[in-house]
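S.K.: Sequence:
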Amino acid sequence: MPDIITYKWDSDPNYSSNFFVITKYYELGSVHIPKNIYSMSVTLGTPEGESLTLSNTINILYRTEAEERWNIYGMFSFTAGVGTRTVKKKIINVPGIQLKLTGFLGSSVYINDIAIEYRIRRKKNVGSPE
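Just so we're aligned, residue 3 is where the sequence shown starts under this note's numbering, counting upward by one.
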């Protein structure tokens with residue numbers, strides 16, 4: 003993995019049209035049990051009383067423990083309304099995942115929540131020889 007840079011979190015709202023957010027590495031439970039990722043959802047919001055005025059785009063990238071480069075998971079664009087946007091794409095046999103969200107937000111939109119839908123891979127039972 004590349005060198006680690008640590009930033010202090012500032013909880014005061016700071017609106018910017020271009021942004022990127024990198025999450026920590028999520029192990030999704032035990033690293034020894036393989037998992038499949040099925041979808042990722044991002045919930046967006048706006049400050050009370052404000053509405054979206056311009057086009058907004060968010061790209062979702064990911065990498066696993068064994069990778070140093072970012073892979074494209076998906077993207078979504080929207081011009082009106084806030085709420086949850088879901089991108090469905092299956093990633094097979096991952097121990098964990100790190101996300102990078104990049105994009106352009108044309109008004110004061112904020113990311114409220116990020117959700118990952120995953121399931122533990124079950125081992126296929128092999129019957130004993132007869």
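There may be inaccurate statements among the hints.
To be verified - The calculated label-pair distances, taken between Cβ atoms and stated as ranges, are: (1) Trp-11 <-> His-34: 46 to 52 Å; (2) Asn-114 <-> Val-33: 25 to 31 Å; (3) Lys-10 <-> Glu-70: 21 to 27 Å.
What the hints assert, rightly or not - Below, in silico cross-link-like pairs of lysine-lysine (DSS-like), each with a Cα-Cα straight-line distance of 25 Å or less: (4) Lys-125 <-> Lys-102; (5) Lys-125 <-> Lys-91; (6) Lys-126 <-> Lys-91; (7) Lys-102 <-> Lys-91; (8) Lys-126 <-> Lys-26; (9) Lys-26 <-> Lys-102; (10) Lys-26 <-> Lys-90; (11) Lys-126 <-> Lys-102.
Hint data in this document are derived by calculation from the structure and do not stem from the laboratory.
We put the beta carbon where it would ideally sit given N, CA and C, even for glycine.
S.K.: Where does the structure disagree with the numbered hints, that is, which hint numbers, in rising order?
M.R.: Numbers 1, 4, 8, 11, in rising order.
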